[in-house]
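Hey, can you work out the whole structure from these sequences and the hints?
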Amino acid sequence: MKNKLKILYIHHGASQGGAPRSLSFLIEKLDKKIFEPIVICMSDKRNIELFEKVGARVIFDDRLGAFHGSEVTGMSLGLFYHNIKTIIPTYKYIKKYIRNIQPDIVHLNSTCLFIAARAIKKYNSHIPVVCHVREPLLNNMFGDILKIMNRKYVNFFIAIDKFDAKTIDVSNDKLEVIYNFVDMNVYNSDILSDDLRKEFNIRENSLIFLSLARVIPQNGVKEAIEAIRDHIDEEDQLHFFFVGDNLEDNSKYAVEIREEASMLDHVHILPFRDDVVQLIASADVMVAPFTRPHFARSIIEAASMGKPSIGTDIGGPQELIVDKKTGLLFNVNEFLEFIECCKRMKNKELRLQMGENAKEFAKENFSADTNVNKTIQVYYKLLKGSI
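Counting from 52, one number per residue, gives the positions in the sequence shown under the working numbering.
It should be emphasised that the hints constitute simulated quantities derived from the structure, not laboratory data.
Hints should not be assumed to be uniformly reliable.
[As the list claims (entries may be wrong)] Straight-line distance between alpha carbons at most 30 Å, and here's what the computed DSSO-like set of lysine-lysine pairs gives:
#, residue 1, residue 2
1, K213, K198
2, K147, K83
3, K432, K203
4, K80, K425
5, K147, K96
6, K80, K104
7, K172, K213
8, K146, K84
9, K146, K414
10, K435, K172
Structure, rendered in structure tokens:
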């Protein structure tokens, strides 16, 4: 029997959010008769269950770290210190794992893992390394560090959208845009749910707007809640759910968000939940009021379930929403427009038509089978040395 191809995936962060879910969906779709997926993860033990559940062997090692420098993480003194202190242990232990595992190919789940790429190439320069570009890089020296180091040690890049692709700044023969994808057997419009209405005693004629994103400054939660507070009354019968609160986060930002929401009966802040499909089915409209550009997996999942979205006119949302067709875009510097978009969605005929359009757009661009196959073709081309 021919040996399976060992693919070593290295994941950088938490188990909740778009990046780990996207990687788990990819691994789930791999033909396990051909591929043997192994995942190294480093900062959240819940990753073990997430990736084992889809058929991967998982190695957890919290001595490892990432070197962040994207629009989503931003940069602070504390984050920079974290970046520096994990360089040596990451380099040292990744080399050991490569020696023990002997992978045929290594797939980094983020550009923040370039230290791992360097360790791999120093051990064996012939091992192909592919890297996912999941977030736009910062337009400063920290983003430049990621850009330079990745271009030096990575053979090929897969960007999840065109905006992110531009920030890595490599030639087209070293990069392909493959959108994040959705398993439409799981996320589809046949699924019905009123879980949120029952759980929070929301009337049938009220609209539910849902955000599935971390409660952090880059995702525009504060700006959205302040606009809702100032311009929407309970009588408008619009309810807003922001699902993505890290209950262990006691930063000033997180505390202020919780306090603000607690004073508004029509705004609900919830921690991440596992029932994502049911949450989307319970909602009428997805919202992504991001203030910094990055991909919004929630938009494509909602689209596949026939739900329109509202998002800011910046990289990420503006590539995933066809304005006035699959949803509505608003000026990132004018959150009053966000409120106007929400009120426009009270038009049921408009909302349902946009939802149907979104579903067709998702089929054309975010199909799991199509985009997994594109990723596998990248693996084969790297192994053959044709790219």
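Straight-line Cα separation of K432 and K203 no greater than 30 Å?
-> Judged against 30 Å, a Cα distance of about 19 Å means the pair holds.
Do the alpha carbons of K146 and K414 lie within 30 Å of each other, as the hint requires?
-> Between K146 and K414 the Cα gap is close to 41 Å, so the pair fails against 30 Å, i.e. violated.
Assess, step by step, whether the Cα of K80 is no farther than 30 Å from the Cα of K104, and give holds or violated.
-> Holds, because 12 Å separates the two Cα atoms, which is no more than 30 Å.
For the pair we were handed, K147 and K96, check the Cα-Cα distance against 30 Å.
-> 21 Å, holds
Within a Cα-Cα threshold of 30 Å, do K147 and K83 meet the stated pairing?
-> Cα-Cα ~25 Å, so holds.
Given hint K425 paired with K80 - CA-CA distance at most 30 Å | 12 Å, holds
Hinted pair K146 and K84, Cα distance within 30 Å = Holds, because 27 Å separates the two Cα atoms, which is no more than 30 Å.
When you check the alpha-carbon spacing of K213 and K198, does it fall within 30 Å?
-> The given pair, whose Cα atoms are some 16 Å apart, holds under the 30 Å limit.
Mind checking the alpha carbons of K435 and K172 for me, to see if they're no more than 30 Å apart?
-> With Cα atoms ~18 Å apart, K435 and K172 stay inside 30 Å; holds.
Proposed proximity, K213 with K172 (alpha carbon, max 30 Å) | Cα-Cα ~27 Å, so holds.
Hint compliance for this structure: hint 9 alone is broken.
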